[in-house]
Amino acid sequence: MSWFSAAIGTTDLTILVYFLVLNSFYAVLLILSIPEIWEQTRLAEDEDFQRLMQSDALPPITILVPAYNESATIQASVTAILTLEYRNYEVVVVNDGSKDDTMEQLRHAFDLYEIPRVYPETIATRPLRALYRSRTRSRLLVLDKENGGKADSLNAAINASRFPLVIAIDADTLIEPDALLRLTRPFLLGREIAAVGGTVRVANNCTVKDGRVTDARVPRKLLPGIQVVEYLRAFLFGRLGWNRLGGNLIISGAFGLFRKEYVMAVGGYQTSSIVEDLDLVVRMHRYLRRNKIKYEMPFIPDPVAWTEVPESMKVLARQRERWHRGLIAAMWQYKTMLFNPRYGRIGFLAMPFYAFGEMLAPVVELLGYVITAVGLFTGMVNVSFALLFILVAWGYGMLLSIWAVVLEEVSFRRYRRFGDLLRLLLFATLENFGLRQCTVWWRLKAFASVWRRVHVWGDMTRKGFGRDEVTAVTR
Amino acid sequence: MSERHFLLVVAIVQGALLGALIVLIVLNRWFRVRRSTRLNPRREAVDASMRRWTAGTAPLTGVLVGLSRLPVPLAIDALVKWSARVPGERWRQLALALEHNWWARLVRANSNSARWWKRLECARFLSVAAMPQDVGRLKRLITDRHPAVHVAAVASLERMENQSLTLTALDRLPRLAPTVQAYYAAMLLRSRPVVVDHLQKRLRRAEDPALPRLAEFAARLAEPALRERLTALADHADPEVRTQSARALGSYPHRESVAALKRLVTDEAWTVRAQAARSLGMITDAGTLPSVTAALRDDVWWVRLRAALALMRFAAAGRNALLQAEVGSDAYARDMAKLVLGLPAQALAEFAA
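Chains A and B, in that order, give the protein sequences. Everything in the first sequence is counted per this note's numbering, starting at 25 for the first residue and increasing by one. Everything in the second sequence is counted per this note's numbering, starting at 56 for the first residue and increasing by one.
Treat the hints loosely; a few may be bogus.
Unchecked claim - Restricting the straight-line Cα-Cα distance to at most 30 Å, the calculated cross-link-like pairs of lysine-lysine (DSSO-like) are:
# : chain 1 : residue 1 : chain 2 : residue 2
1 : A       : Lys284    : B       : Lys393
2 : B       : Lys393    : A       : Lys169
3 : B       : Lys194    : B       : Lys136
Please keep in mind that the hints were generated in silico from the structure rather than gathered at the bench.
In isolation and in its complexed conformation, chain B is listed as follows:
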């Protein structure tokens, strides 16, 4: 084949492709318009029947028929949307009825699919319509490797109380990115007794590499039953664990917590000192005022900031300590006191958050 022939073939192929792409664009527009014309009335019909059923003026059958007339992803969208609006007991009726629906059975079967978007569909469906027999599927989906799938699946904990499901999510939590961890934590709050019981055991394992993350989660719970364990962690060798302990102890105005925090505010790691200063400001025990005032002269800016903000919470005594520091000999303390005393209430609240 000569160069000319080659180019000619390329030109013809290009021309054909160009034509095909333009046809594709036009067909895509046409298809979308047709699809929305066809589906919009069905979607509205589902919304209307959901409304009537929620108000108790129509039977559930209308909702089920309406859902089965929608494509599966749209039916799941409708379910997710309405799940937040329908009261729990009524919603359970719908979930029970869906168990025998043909399309719901197909969606459930997708929990094992090799395609992540099929598993996502299943996870989204189960997050609002799971029944006790779906626990096995949900456990698999919560441990799924695709983030969108396990994030969708863990939302089922908002509706389902099941010990093994909770423990599966709790096991996964320390290995997640901080943001997703926080989301998991919010979902796990509903199963508080199971979580607290499990954390009490896990927080005893000093060598557990997941300890910092578990302590962080435990701190979010602010659960009195965990105070003792979190206080014990104040002496842990890992500074990250001590930081989490310092952070958590601010929620426990107990003499043991205060004693631990007084130790932690002089810790060798600055992150621990900063958190301890903040927590002392949350408890505002008058006996800790000298420790917090001393932290105002710390070498690290963040510790000084936390200490100054903490002093502002000690009311008049703390404010006086700051005023003294503002004219004192320590340049670090002077600057920080000047900064914090000059902040308006709004900025103070923002900093303290």
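Chain A extracted, bound-state conformation:
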């Protein structure tokens, strides 16, 4: 049995080293997020910058809105987008061969008339049926095309766009009125920006009026409540920390502003990709590094978009499994970037972190649980040590979540009520007991799906904002 105990011991040590390295890296991100959020908060409050952002000098933006079977919400969503506080923008809505009356709703609501297609098809897409302009809203262009998926719709919208900056917005995402203005700040700072991401927050339980979140609340239900903490952690300290390390690998597809010339240079969104935003950002990094183009892809925390998150375990499981499947696929597809000096910090920091720290994390965590169980069963690990180890692992998770709450509190404080703050702290604590283990399981299932080459979109059931009825959105 000596080989067995040696194997257990080695695995145990490997897991401990992995745990130390990964968590030390999280600690680095945590420390780096402090000066970053401080600087961003100061710039967000600077009134002269506000004045610059409200001047005619702003860069023009095209908003891309893919829509598939969004009949119930499309009118309200597009109207809300058309009333954003920004001087120079156009909205390109793409009806991706909806089976419901999305197109009819658009035609009726915005008094559309058909125009000929005169721009070149730079990125190949599924055939267009027709193009429409609105008699009532001059900023609006509607594309009706055959069904090809979200990435294909975005590519069609990019082809039709006129402006140098493009932002993809889901039809069911609520953008704060000044979010576009704020999102352009890095471009005004004169830096070489290839893309910029804003914060996505959880809209469940918030009061929504005329397509705007008027009162931000933390949900009372456990599942969406925990996701509020998750989103805060992912955006406020994870991505801010990465700003200082020069390599944000994720710009949220629900809310990210891109320089069109670079999106076109990499061939637009990849239709075969499972998580098209991650895939696009990795390809842009690869292209820009290969061509030695100076660039930045920062995340800025003050522009906010609100989205509904799953309230049932079934839907959440599908979403997380899909996200992880996308991550595995991207890491595998772009494996040549890993530790490749040609890609600088992306190759040496971001890619290894996402490959080993994110992609393999559920495997290592599962291994940890198994080894602990085996060790306890065979008497090689004593109970108090195992419990202490688990306590430290979970305690660290809690520490990171509560740190995200601290960053929110000292900066933007969207949740004004004391009750909301208490709920945030409670959910940050409860996250480690149950949901974390479920997430490990869902992410492990993603490995199995990749192995079986499963390529399907999950169903996302949304309740809709400010309505009682339930809208089913299937992609």
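Position chain B relative to chain A; hints supplied.
Frame of chain A, contents of chain B only:
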């Protein structure tokens, strides 16, 4: 130290940190509530005294006392907010009085600070309360490496007319991002005579790498005194300079400008041709109608679009040219004419912008 001891230490440290973070969150809330309870009345008092002073029913002393009772960033916020509402002469009284105020002296001293946020504070203050002796500080701040600082400092040009300050901003302009350039340009408009004089000299330097940006800025001014220089740039070797020249010449309905534009509409660079077509549409000289109609058959879509939109501005003659193209033999011209003739007035205005 054994593994167990190590983990125990980590667990204790984590526990302490968790406790500290929760205390921090609670203290932060408490501190913010207390601070706003304390400061809100003071802020309101400053607003009230500013209102009374602006109306001439109270002396300036009340405003100065109120400002000195606020924390410096809030006092600067109040100044920036009120600067747009108080008439110029009255505002100068306040700026003069602030010169001897203790907190204003501290803020001025921050123009040399190593911390960008301190310099930003100074730039914001000087943007509304600068005096002639602040020119040196402002010149430094306009050339500051932090964008927020120089953007704040350049706003001082809205209130101060000073040649060296204007020239400092003008020198920086070509090196800025397009958006910030446009903002600088708006700020520089107040010092028009100095700017025009300087541009006349700079636009003569054919080898100046900043020439395209300066020409772009000159185009924004639409200043008759610059017409001659901008016309001369139509023959420059750099297509970007020619593009800016083509764009600028649309504001000058002069026979030399028209002649230059007729040349530029057949330029080898499509960006130049597109701008020239647009500018010809702005001047609408009947003699240029054949050139614009010919541009409707250009290989590049954007040139054809600009030409078609320009023809729409030629009234009946232009419209007739488009109607002919719509049934003509050239497929490119046919498509473009069909597109533009089908656009409603609103869309036409939007495209033409």
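Hints, one by one, checked against the model:
1. Taken as a hint, the Lys284(A) and Lys393(B) pair is honoured in the structure, with Cα atoms around 28 Å apart against an allowance of 30 Å.
2. For the proposed pair Lys393(B) and Lys169(A), the alpha carbon gap of about 22 Å is at most 30 Å, so the pair holds.
3. For a cut-off of 30 Å, the pair hint linking Lys194(B) to Lys136(B) stands: about 24 Å separates their Cα positions.
Hint check: no violations occur; every hint is consistent with the structure.
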